[in-house]
Amino acid sequence: MSKKETLIAYLLRLADNALILGQRLIEIVTAGPELEEELANANIALDYLGQARMFYTYAGELEGKGRSEDDFAFMRDEHEFRNLLLLEQPNGHFGDTIARQVTFDVFYRLQLEALQDCSDKRLAEIAVKSLKEIRYHLRHGTKWLIRLGDGTDESHERMTNSIHGLWRFTGEMFAGDELDEAMKKEWNGPDLESLKGEWHEEIASILEEATISLPDEEWMARGGKNGQHSEHFGYLIAEMQTMQRAYPGANW
Amino acid sequence: MMADKNWPLYEVFIRSRSGLSHKHAGSVHAADDQMALDHARDVYTRRNEGVSIWVIRSSEIIASDPAESSALFEPAKDKIYRHPTFYEIPDGVENL
Chain Y
0 MSKKETLIAY LLRLADNALI LGQRLIEIVT AGPELEEELA NANIALDYLG QARMFYTYAG
60 ELEGKGRSED DFAFMRDEHE FRNLLLLEQP NGHFGDTIAR QVTFDVFYRL QLEALQDCSD
120 KRLAEIAVKS LKEIRYHLRH GTKWLIRLGD GTDESHERMT NSIHGLWRFT GEMFAGDELD
180 EAMKKEWNGP DLESLKGEWH EEIASILEEA TISLPDEEWM ARGGKNGQHS EHFGYLIAEM
240 QTMQRAYPGA NW
Chain E
0 MMADKNWPLY EVFIRSRSGL SHKHAGSVHA ADDQMALDHA RDVYTRRNEG VSIWVIRSSE
60 IIASDPAESS ALFEPAKDKI YRHPTFYEIP DGVENL
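Going down the list, the protein sequences come from chains Y and E.
Be aware that the first sequence starts at 0, since it is given in numbering that gives the first Met the number 0, and climbs by one per residue.
Be aware that the second sequence starts at 0, since it is given in numbering that gives the first Met the number 0, and climbs by one per residue.
Rather than coming from a laboratory, the hints here were simulated on the basis of the structure.
Just so it is clear, CB atoms sit at the ideal spot from N, CA and C, and this is done for glycine as well.
Some clues are possibly wrong.
Stated by the list, open to error - Pulled a few chain Y residues facing chain E out of the computed Cβ check, cut under 10 Å:
| no. | residue |
| --- | --- |
| 1 | E36 |
| 2 | L38 |
| 3 | L130 |
| 4 | E132 |
| 5 | Y135 |
As the list claims (entries may be wrong) - With a straight-line cut-off of 27 Å between C-alpha atoms, the simulated BS3-like cross-links for lysine-lysine are:
| no. | chain 1 | residue 1 | chain 2 | residue 2 |
| --- | --- | --- | --- | --- |
| 6 | Y | K64 | Y | K3 |
| 7 | E | K76 | Y | K142 |
| 8 | E | K4 | Y | K131 |
| 9 | Y | K184 | Y | K142 |
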């Protein structure tokens with residue numbers, strides 16, 4: 000892989016993470032438990048979409064083959080997406096959505112903080128811009144996790160099950176491969192090992208405040224970063240892509 | 000029955016720019032003070048309307064009684080001398 004191809008591949012992982020999580024959150028638009036929470040969710044979903052667009056656009060420009068953000072989002076097949084398995088997991092109930100949100104956003108914030116200092120200027124700028132949004136998402140999600148974990152007996156039990164149920168998808172974030180290695184070496188990118196330590200520390204402190212037991216180390220699922228997705232993923236992109244597949248190039 | 004489960008109401012005040020005062024923007028429901036701030040941010044500053052937010056439980060606001068409005072406000076109506084409209088503006092004063 001040339002240096003340019005490596006950067007494009009890394010950008011597509013970032014973009015796919017943001018797009019797929021955004022798409023998941025969009026599925027629950029109009030289903031919010033309160034009007035205010037409804038708007039919060041829609042705001043958060045749109046933040047991810049905006050970030051995905053910046054990453055895709057940059058990847059398309061680097062590639063130089065005329066692919067637009069829409070081509071990346073709507074015209075690629077399942078195996079070409081490189082998002083984490085965690086993010087394609089179904090929304091479940093509100094506690095599941097929050098568990099997915101907080102475990103990812105703590106990682107994503109650390110990743111973006113590291114990317115602020117990477118040697119690719121444009122990527123660093125996108126990271127700076129995105130960080131402001133992610134810090135707010137975390138503030139929102141963390142408070143909910145604590146509120147529900149340290150809430151009633153029922154909310155505590157359900158929030159605990161959500162965290163423990165998704166735990167096996169958290170390992171993939173830190174399972175580095177040659178792409179992560181290249182990003183670290185060539186562009187002064189994130190060091191996943193040290194991110195893992197910081198992530199664990201931060202998640203442990205949130206869970207403690209939420210009175211939720213820290214899950215034991217267990218087998219960790221992986222595959223999304225290399226295009227091997229869970230059974231849920233096909234349905235997700237089928238819904239996301241149906242319009243562009245039926246009417247290629249359709250515009251508002 | 001649902002009434003018991005409703006979150007309390009908060010009034011939201013937004014300051015649009017530094018130097019201006021906070022203005023009443025509307026209200027939100029929230030379970031606690033911090034959530035009220037977040038909700039106010041999500042509902043009332045989505046289009047870049049604000050640089051500062053105040054929230055306060057609606058039940059904490061002390062309001063004048065509409066039944067007393069004639070006693071409170073009518074007497075000011077015929078006191079036009081309280082408006083600074085009787086001064087001659089000297090020549091040469093601009094921007095007044």
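Hint by hint, here is what the structure shows:
no.: 1; hint: E36; verdict: holds (8 Å)
no.: 2; hint: L38; verdict: holds (5 Å)
no.: 3; hint: L130; verdict: violated (17 Å)
no.: 4; hint: E132; verdict: violated (12 Å)
no.: 5; hint: Y135; verdict: holds (8 Å)
no.: 6; hint: K64/Y - K3/Y; verdict: holds (13 Å)
no.: 7; hint: K76/E - K142/Y; verdict: violated (50 Å)
no.: 8; hint: K4/E - K131/Y; verdict: violated (33 Å)
no.: 9; hint: K184/Y - K142/Y; verdict: violated (36 Å)
Violated hints, in rising order: 3, 4, 7, 8, 9; the structure is consistent with all others.
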